[in-house]
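Enquirer: Protein chains in written order, with our numbering: chain A, 11 to 848; chain B, 912 to 1134.
Hint data in this document are derived by calculation from the structure and do not stem from the laboratory.
As the structure is a computational prediction, the values presented were derived from the model and not from experiment.
We put the CB at the ideal spot given by N, CA and C, even for glycine.
Keep in mind that a hint or two might mislead.
As the list claims (entries may be wrong) - Beta-carbon label-pair distances, calculated as ranges:
1) B:Q1026 - A:I756: 36 to 42 Å
2) A:W830 - B:E986: 53 to 59 Å
3) B:T928 - A:W408: 51 to 57 Å
4) A:R394 - B:G1040: 29 to 35 Å
5) A:R474 - B:S1129: 49 to 55 Å
6) A:I756 - B:Q921: 20 to 26 Å
7) B:S940 - A:N310: 32 to 38 Å
8) B:N983 - A:K17: 58 to 64 Å
9) B:S1129 - A:G761: 30 to 36 Å
10) B:G1040 - A:G761: 41 to 47 Å
11) B:A980 - A:S837: 47 to 53 Å
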Amino acid sequence: MLVTDLKLLWRDWRGGQLSLVISALVLAVTVVTAVSLFADRVERGLNAQISSFLASDLAVRSGLVIDDRFYQQAEQLNLQTADIASFRSMVFAGDNNHLASVKVVSSGYPLRGVVELSADLNGNVVENRSTGPLSGEAWVEARLFNLLDIKIGDEIDVGYARLKVTRLILNEPDRGTGFGAAGARVLMSWDDLERSQLVRPGSRIRYSLLMQGDDSQIQEYQDWYAAQDAGDDQHHSLVTPENAEEQLAEALQRGRGFLLLSGTIGVLLAGLAMALASQRYASRLTDQVALMKAWGVSSNAVRRSQFVRLTVIALVSTAIGILLGWAGHTFLLELARGLLNIELPAPGLRPFLVAGLTGVICVLGFALPALWHLPGIAPLRVLRRDIQGSLLGEGKRWLIGVTALLLLAYWYSQSFITAVLFLVALFVLFGVCALIALQVLRLVKQLGHWRGSVVRLGLANLWRRRNQTLIQLVGFSATLMLLLVVTGMRTSLIAEWEAQLPDDTPSHFLFNVATPEVEPIKALLSQEGATTTQWFPMVRGRVVSINGDAITPEQFAKAEGLRREVNFTQSDILPDSNEIVDGQWWQQAPSTIEFSLEQEVAAEIGISVGDVMEFSIGGIKFDARLASIRTVSWQSMNPNFYVIFYPGALDRFAPNWVTAVRAKEDAASEQESLLKQASFVPKVVREYPTAVVLELNDVVARIRDVISRVTQGLEVILLLVLACGVMVLFAAIGVSYDERLRENAILRTLGSSRKMVLGALAVEYAGLGAIAGFIAGLGAEVILYFVQLMVFNLDPQWHPMLWLLGIVSGTVVITVLGLWRSRDIISVPPLQSLRQLA
Amino acid sequence: MPAPIIRAHQLSKTVRTADHSLSILEDVSIEIQAGESLAIVGPSGAGKSTLLGLLAGLDTPTGGQIYLADYNITEMDEEGRARVRAELVGFVFQTFQLLESLTALENVALPMELQGEPEATDRAREFLGKVGLAERLSHYPKQLSGGEQQRVALARAFACQPKILFADEPTGNLDSITGGKVSDLLFELNQQSGTTLILVTHEQRLADRCDRQLVIDSGHLQN
């Protein structure tokens, strides 16, 4: 029997009855596979890269020597470990000295990523090392050669340790973006730490225990850590790749959400196409089943035969879909290779599992319900063609289809709430589309009256078949709308990202500048063509109490930003990219000391305007009144502060000054600018040795790079969603195919020219496309308005181009594909059409 | 005298419409001997096709009993009747009922394939030869004329070697010359295989070629 079933299946395929069902299924699986593989690999690739920002998968950090229990647990879980101690210390070479950022690493460092080194000062030959320096050696950053006037092979003193400089550091994986990496980097061996005698009571050293292992080991360590109460430990903190580089993590999160959403839309469209195509397949199978039953084939045998056929369809389509999806994702990775220079890990099993399940669920949810009634068809139908099988109730079919969609959306998003919300939104969307479509259709019908016969016939067809037209309109307009939304959202995403990184993004931070040095440095910078943002005085201090009540550990736990010493500043003008949300920025000098606080921190510690907070700077305590609460754009790459006092409050604490600098752009390439220092840097560090210059170029480059990568992924998925939309179009035309075939045969028989039939069809499809495009443009505009307003915090803008794109592309695509799909209607001789349908 | 292969006893069929019930057949009793050919004739709407459907086990009567060979098919459920049909019954239809996506050869072989007959294709070829379509094996129904399509249907019916063949207006969709040729072929094959033939027809010429005729009018058996 299996052979017979396979034969039947082959003949169905050969007869073209299955091609749309299978194409839709293949496409659904292709979309899922490509999206999952792409997302999975890029995400894990980026995660690995973020890990390399951390130089490990996980790190425990502390201001004290890290507790043994953290080492023991790592050992128990077989994690690889490495140690880092970092601090600022003076380094000497002859008469020259510099306050360097010293990083002491054990030989295992880095566990992720590599240190890029060079043995010559021009950095021409790059070596990648995944081990730290040997005992007695030091690797140093380029500017230290200038600062100390040394060359490769010379010796420097770090504390009591004398080290030979053997390499120039071009890049280190965990350099970070914070202020910690202020002085020129000196990388030395853990074995020399004791000899240097720099570890003394009171020294400010940050220790890190780096760990590396597979995902489950890392997860286990995180679970153990969470169970330890160590989460509340004031001394230790656990750093994961996710919280290591929040900006990157956030970009990644958005990108992934977008990919998954697009993927789900693709599957939904393919599912819709499958359901429509299966309905047509079922109507074709009805005669076959009635005949088989008249010959004595039992209902069970019919059911079994269908089960076998569907199983084979599911297996083969899924296999093809996975292959195509694989090809698709490699193709897309290839396209993105110019920007994607991350190392991609081999794909995990999950994408394949998700793809396979998508195949099964699509068949069960979309194809099977349409075929469900077939085994119950009465054999008497062979004599009386008016007998129909009792179709599975429409309600039930909807229920099954929606359940399948829900399952798929859940599998995709891994969040039940997201899946439900997504589907509800989609169905509301369909309902609204249907309502608008009906009204537009009414208008169009009126329009047809005073047009030529071809146009009138075409438009009349739209109205006459309005139930079918509505289904198609809803399908088309929803598809187009989602595509337009996706396009619009991509534009918004990029716009937002670009807005975060304006062209005048600073290239350097300059800080630790003493008050008398500010004016001469300003002069030096302008001489070198560099521009600066506002100069801020900065002192470090702590917050102590609110309205006389000491701040509790719980409050500190929430407001991590205030937990340790914080940088305070004073200013009489509101810094760029800050916005007052409560209270008022000072219009005139206040009578008491007043300050302004960042919004999130204010909410976390529960303080409101008018409250009094006690501060402690250098052991001196004083009270200040909260005058205003501000939002701060942390991504702005400008010096940002939680606490800003009214000028005067900090004068007695001998502040240092900080500013962001934009160097004169004269480097020809990014590579060059990385190696070549901005011209002001050596002058500043030589003339003002205590001033610290931090280069932001590479930080900015990294963030730009990630943004580019994520956008590439988005574009790739768009194409697949588009293909799914085309499938819906085909399936929808298929639904009315027989009727059109019959009508056009009759029209031709009655003497209409081929040109007229073709013209009427073209008008009908063009009308369908234009209406769908119009509704899509309208809907997309509404959705984007809210997306811009609420998700991206952008000022909503109209998108006339989207409307145009929707109407033009809807008309062109639907007319061309519709006529192509209907070519038989026009080309088959009328007599043959009539006989075929008899 | 051998036992009749079909026995129907006091058959009736009533269908419910929205406000009343409509009697299509009433108190019909017949016996048909194996190898006999019987024509059911009568005006349109008399209940001919309904009777054919009941006798073939495609439908169930509201009252009465039907025996096919020794099976009381009125006592059986649809699965049981399906088994009996598979064992005993073949069909020829007015609208041919060929599957569009199958070639002539595949159409003929299909019922045998469904019964697991290993020689299905060979036998299909043989019977298509008998109906004069040896050259048209790989043609699809829409590439064949009406007469050719009905010949394929005859080949399909006889290739399964059914004990009883039910034919519903087998020439009803054909012109008189083609219809004549098809009915020649039907009776020739019937004679060769010794099949019991029950046919429903409007055409007196076709009915006259049968051993016996039953006239139905308004659901009642005449004579």
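Enquirer: A separate judgement is required for each hint: does it hold in the structure or not?
Expert: We went through each hint and held it up to the structure:
At roughly 41 Å, the beta carbons of Q1026 (chain B) and I756 (chain A) sit within the given window of 36 to 42 Å. For the pair W830 (chain A) and E986 (chain B), the beta carbons lie near 56 Å from each other, so the given range of 53 to 59 Å is met. One distance hint, 51 to 57 Å for the beta-carbon pair T928 (chain B) and W408 (chain A), is violated here, with the actual separation near 31 Å. In this structure the hint that R394 (chain A) and G1040 (chain B) lie 29 to 35 Å apart at CB holds, the actual value being about 33 Å.
A hinted range of 49 to 55 Å is violated for the C-beta pair R474 (chain A) and S1129 (chain B), which are about 40 Å apart. Remark: the range hint 20 to 26 Å for I756 (chain A) to Q921 (chain B) is contradicted by a beta-carbon distance near 47 Å. At about 34 Å, the CB distance of S940 (chain B) to N310 (chain A) agrees with the hint of 32 to 38 Å. Judged by the Cβ atoms, the range 58 to 64 Å given for N983 (chain B) and K17 (chain A) is violated: they are separated by roughly 35 Å.
Taken as a hint, the range 30 to 36 Å is violated for the pair S1129 (chain B) and G761 (chain A), whose Cβ atoms sit roughly 43 Å apart. For the pair G1040 (chain B) and G761 (chain A), the beta carbons lie near 43 Å from each other, so the given range of 41 to 47 Å is met. A hinted range of 47 to 53 Å holds for the C-beta pair A980 (chain B) and S837 (chain A), which are about 51 Å apart.
In summary, the numbered hints that this structure violates are 3, 5, 6, 8, 9.
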